[in-house]
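Note that the sequence shown covers residues 2 to 168 in my numbering.
Do not take every clue at face value.
Each computed DSS-like pair below joins lysine-lysine, with the alpha-carbon atoms no more than 30 Å apart [unchecked claim]:
#, residue 1, residue 2
1, K105, K130
2, K4, K115
3, K115, K130
4, K168, K105
5, K66, K102
6, K154, K38
7, K9, K56
8, K38, K102
9, K4, K57
10, K105, K66
11, K102, K57
12, K105, K38
13, K154, K168
14, K115, K105
15, K109, K130
16, K56, K102
17, K115, K168
18, K130, K154
19, K57, K9
20, K4, K66
21, K102, K168
No wet-lab data here; the hints were simulated from the structure. As the structure is a computational prediction, the values presented were derived from the model and not from experiment.
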Amino acid sequence: MTKDSIHKSFYFISAIAGLLLMMLEISFYQRTIIPLKTLCLVTIFPALIAFFIIKKHYNRTYQLKGFFFPLMQSLLSFGFIACYSFMALNYYLADTNFEVKSCKILNKHTIGTKQQQPAIEVDYNGTEKQLVFYVGQQAQIDSSNYVMLTIRKGFLGYDIFSDITLK
(Lines of atoms letter the chains of each structure in order from A and count residues from 1; the text may use other names and numbers.)
(Lines give C-alpha, C1' and ligand atoms only; values in the text may rest on other atoms or scores of the structure.)
Protein backbone atom coordinates (compact mmCIF):
# COMPACT_ATOMS: atom_id res chain seq x y z
CA MET A 1 0.00 0.00 0.00
CA THR A 2 1.21 3.45 -0.85
CA LYS A 3 1.08 6.39 1.54
CA ASP A 4 -1.64 8.04 -0.54
CA SER A 5 -3.87 4.97 -0.37
CA ILE A 6 -3.37 4.78 3.41
CA HIS A 7 -4.27 8.45 3.76
CA LYS A 8 -7.30 8.05 1.49
CA SER A 9 -8.42 5.07 3.57
CA PHE A 10 -8.06 7.13 6.76
CA TYR A 11 -10.13 10.00 5.34
CA PHE A 12 -12.79 7.61 4.06
CA ILE A 13 -13.07 5.62 7.29
CA SER A 14 -13.13 8.75 9.46
CA ALA A 15 -15.89 10.27 7.29
CA ILE A 16 -17.99 7.08 7.54
CA ALA A 17 -17.40 6.96 11.31
CA GLY A 18 -18.48 10.60 11.60
CA LEU A 19 -21.68 9.94 9.64
CA LEU A 20 -22.54 6.87 11.72
CA LEU A 21 -21.90 8.74 14.95
CA MET A 22 -24.07 11.61 13.70
CA MET A 23 -26.97 9.15 13.43
CA LEU A 24 -26.40 8.13 17.05
CA GLU A 25 -26.31 11.81 18.03
CA ILE A 26 -29.89 12.15 16.85
CA SER A 27 -31.09 9.65 19.45
CA PHE A 28 -29.13 11.51 22.14
CA TYR A 29 -30.57 14.82 20.97
CA GLN A 30 -34.13 13.50 21.17
CA ARG A 31 -33.59 12.52 24.80
CA THR A 32 -31.63 15.57 25.92
CA ILE A 33 -32.53 19.19 26.55
CA ILE A 34 -29.62 20.88 24.83
CA PRO A 35 -29.71 24.02 22.67
CA LEU A 36 -29.06 23.45 18.98
CA LYS A 37 -26.67 26.42 19.03
CA THR A 38 -24.42 24.58 21.51
CA LEU A 39 -24.28 21.50 19.29
CA CYS A 40 -23.44 23.61 16.26
CA LEU A 41 -20.55 25.23 18.11
CA VAL A 42 -19.30 21.87 19.40
CA THR A 43 -19.37 20.57 15.82
CA ILE A 44 -18.03 23.58 13.91
CA PHE A 45 -15.17 24.62 16.21
CA PRO A 46 -13.24 21.29 16.07
CA ALA A 47 -14.06 21.01 12.35
CA LEU A 48 -12.46 24.40 11.67
CA ILE A 49 -9.36 23.50 13.66
CA ALA A 50 -9.09 20.19 11.77
CA PHE A 51 -9.66 22.00 8.47
CA PHE A 52 -6.64 24.24 8.97
CA ILE A 53 -4.54 21.24 9.96
CA ILE A 54 -5.50 18.88 7.10
CA LYS A 55 -6.25 21.28 4.20
CA LYS A 56 -2.86 21.11 2.46
CA HIS A 57 -2.42 17.39 3.08
CA TYR A 58 -5.96 16.58 1.90
CA ASN A 59 -5.58 18.64 -1.29
CA ARG A 60 -2.19 17.06 -1.98
CA THR A 61 -3.52 13.52 -1.34
CA TYR A 62 -6.52 13.95 -3.66
CA GLN A 63 -4.77 16.39 -6.04
CA LEU A 64 -7.40 19.09 -5.50
CA LYS A 65 -7.45 22.84 -5.14
CA GLY A 66 -9.76 24.88 -2.98
CA PHE A 67 -11.26 24.48 0.42
CA PHE A 68 -14.70 22.85 -0.03
CA PHE A 69 -13.70 19.18 0.12
CA PRO A 70 -11.23 19.49 3.02
CA LEU A 71 -13.83 21.54 4.91
CA MET A 72 -16.52 18.90 4.35
CA GLN A 73 -14.05 16.16 5.36
CA SER A 74 -13.27 18.06 8.56
CA LEU A 75 -16.94 18.56 9.33
CA LEU A 76 -17.91 14.95 8.60
CA SER A 77 -15.00 13.41 10.42
CA PHE A 78 -13.77 15.58 13.22
CA GLY A 79 -16.81 17.80 13.79
CA PHE A 80 -19.34 14.99 14.07
CA ILE A 81 -16.98 12.82 16.11
CA ALA A 82 -16.41 15.72 18.53
CA CYS A 83 -20.15 16.38 18.79
CA TYR A 84 -20.86 12.71 19.47
CA SER A 85 -18.16 12.66 22.15
CA PHE A 86 -19.71 15.73 23.79
CA MET A 87 -23.21 14.24 23.80
CA ALA A 88 -22.06 10.76 24.87
CA LEU A 89 -20.08 12.26 27.74
CA ASN A 90 -23.18 14.13 28.94
CA TYR A 91 -25.42 11.07 28.49
CA TYR A 92 -23.35 8.13 29.72
CA LEU A 93 -21.79 9.87 32.71
CA ALA A 94 -25.09 11.36 33.88
CA ASP A 95 -26.15 11.55 37.51
CA THR A 96 -28.02 8.53 38.86
CA ASN A 97 -30.56 10.63 40.78
CA PHE A 98 -33.93 10.92 39.07
CA GLU A 99 -36.50 13.70 39.27
CA VAL A 100 -40.06 13.64 37.91
CA LYS A 101 -41.53 16.75 36.30
CA SER A 102 -44.94 17.33 34.78
CA CYS A 103 -45.23 19.36 31.58
CA LYS A 104 -48.29 20.49 29.68
CA ILE A 105 -48.56 19.31 26.09
CA LEU A 106 -48.46 22.41 23.87
CA ASN A 107 -49.04 20.82 20.49
CA LYS A 108 -49.81 17.37 19.04
CA HIS A 109 -48.84 16.49 15.48
CA THR A 110 -47.21 13.85 13.31
CA ILE A 111 -43.80 13.83 11.66
CA GLY A 112 -42.46 11.91 8.70
CA THR A 113 -43.80 11.30 5.22
CA LYS A 114 -43.93 7.55 4.59
CA GLN A 115 -44.78 6.28 8.05
CA GLN A 116 -45.98 9.20 10.12
CA GLN A 117 -45.09 9.10 13.80
CA PRO A 118 -47.02 10.96 16.47
CA ALA A 119 -45.16 13.75 18.23
CA ILE A 120 -45.88 16.30 20.92
CA GLU A 121 -44.29 19.55 21.92
CA VAL A 122 -43.80 20.46 25.57
CA ASP A 123 -42.43 23.52 27.35
CA TYR A 124 -39.60 22.31 29.57
CA ASN A 125 -38.19 25.14 31.71
CA GLY A 126 -38.71 27.68 28.93
CA THR A 127 -37.34 25.44 26.18
CA GLU A 128 -39.76 23.97 23.65
CA LYS A 129 -38.94 20.29 23.10
CA GLN A 130 -40.46 17.88 20.60
CA LEU A 131 -40.99 14.30 21.80
CA VAL A 132 -41.57 11.56 19.21
CA PHE A 133 -43.58 8.40 19.96
CA TYR A 134 -44.40 5.11 18.24
CA VAL A 135 -47.41 4.84 15.92
CA GLY A 136 -49.20 2.52 18.37
CA GLN A 137 -49.27 5.29 20.99
CA GLN A 138 -51.42 7.66 18.89
CA ALA A 139 -54.65 6.97 20.86
CA GLN A 140 -52.87 7.53 24.16
CA ILE A 141 -51.41 10.81 22.89
CA ASP A 142 -54.82 12.01 21.69
CA SER A 143 -56.30 11.51 25.15
CA SER A 144 -53.39 13.08 27.07
CA ASN A 145 -52.94 16.69 28.16
CA TYR A 146 -49.79 16.31 30.27
CA VAL A 147 -46.60 14.34 30.15
CA MET A 148 -44.58 13.12 33.15
CA LEU A 149 -40.85 13.28 32.47
CA THR A 150 -38.37 11.31 34.53
CA ILE A 151 -35.21 13.38 34.31
CA ARG A 152 -31.62 13.01 35.35
CA LYS A 153 -28.89 15.63 35.19
CA GLY A 154 -26.30 14.99 32.51
CA PHE A 155 -22.58 15.11 33.24
CA LEU A 156 -22.21 18.43 31.43
CA GLY A 157 -25.36 19.85 33.01
CA TYR A 158 -27.90 19.18 30.26
CA ASP A 159 -31.04 17.35 31.39
CA ILE A 160 -31.79 13.87 30.00
CA PHE A 161 -35.22 12.25 29.70
CA SER A 162 -35.05 8.74 31.14
CA ASP A 163 -38.75 7.99 30.92
CA ILE A 164 -41.77 9.68 29.34
CA THR A 165 -45.27 8.89 30.59
CA LEU A 166 -48.40 10.39 29.05
CA LYS A 167 -51.14 11.54 31.48
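Structure-based check of all given hints:
1. K105 to K130: Cα-Cα ~11 Å, so holds.
2. K4 to K115: violated (45 Å)
3. K115 to K130: Given pair K115, K130 holds - Cα atoms ~23 Å apart, limit 30 Å.
4. K168 to K105: Holds - the C-alpha atoms of K105 and K168 are around 10 Å apart, at most 30 Å.
5. K66 to K102: Between K66 and K102 the Cα gap is close to 54 Å, so the pair fails against 30 Å, i.e. violated.
6. K154 to K38: The given pair, whose Cα atoms are some 20 Å apart, holds under the 30 Å limit.
7. K9 to K56: Measuring from Cα to Cα gives roughly 14 Å; hence the hint holds.
8. K38 to K102: holds (25 Å)
9. K4 to K57: Since the Cα atoms of K4 and K57 sit roughly 15 Å apart, the hinted pair holds (cutoff 30 Å).
10. K105 to K66: Violated. K105 to K66 sits at ~54 Å, over the 30 Å cutoff.
11. K102 to K57: Not satisfied, since the Cα-Cα distance of roughly 52 Å exceeds 30 Å.
12. K105 to K38: With a Cα-Cα distance of about 25 Å, the restraint between K105 and K38 holds, given a limit of 30 Å.
13. K154 to K168: holds (23 Å)
14. K115 to K105: Holds, because 29 Å separates the two Cα atoms, which is no more than 30 Å.
15. K109 to K130: holds (12 Å)
16. K56 to K102: violated (48 Å)
17. K115 to K168: holds (28 Å)
18. K130 to K154: Judged against 30 Å, a Cα distance of about 16 Å means the pair holds.
19. K57 to K9: Holds. K57 to K9 sits at ~14 Å (cutoff 30 Å).
20. K4 to K66: Measuring from Cα to Cα gives roughly 20 Å; hence the hint holds.
21. K102 to K168: Roughly 12 Å separates the two Cα atoms, so the pair holds.
The structure fails to meet hints 2, 5, 10, 11 and 16 from the earlier list, while all remaining hints are met.
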